[in-house]
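Asks: Whenever a hint applies, use it, and build me the whole structure from the sequences.
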Amino acid sequence: MNRYGRGAEFFRTLAEDLAKVEFPGLDLSHLYPAKGSTKRRAVRDRCQQKP
Numbered sequence: 001m002n003r004y005g006r007g008a009e010f011f012r013t014l015a016e017d018l019a020k021v022e023f024p025g026l027d028l029s030h031l032y033p034a035k036g037s038t039k040r041r042a043v044r045d046r047c048q049q050k051p
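Residue numbers (this note's numbering): 1 to 51.
Any given hint could turn out to be false.
Stated by the list, open to error - Label-pair distances were calculated between CB atoms; the ranges are:
(1) Asp17 - Gln48: 30 to 38 angstroms
(2) Ala34 - Gly7: 40 to 48 angstroms
(3) Leu26 - Cys47: 34 to 42 angstroms
Note that these hints are calculated values from the structure, not bench results.
All values derive from a computational prediction rather than experimental measurement.
Backbone N, C-alpha and C define an ideal beta-carbon position, used for all residues, glycine too.
Replies: Below is the structure:
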């Protein structure tokens with residue numbers, strides 16, 4: 001990216017600006033099962049399986 005004149009400062013500024021974005025009322029809790037739940041353990045176990 002440095003060839004195009006963006007450099008590290010561009011990405012730092014981009015990250016700071018993206019961190020400011022808010023979506024009031026957006027509920028994504030269904031994407032994060034409660035700690036210790038059966039669903040969470042199943043996902044973890046599936047991710048740890050060897051191919």
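Asks: Enumerate the violated hints, using their earlier numbering and listing them in ascending order.
Replies: Structure breaks hint 3 only.
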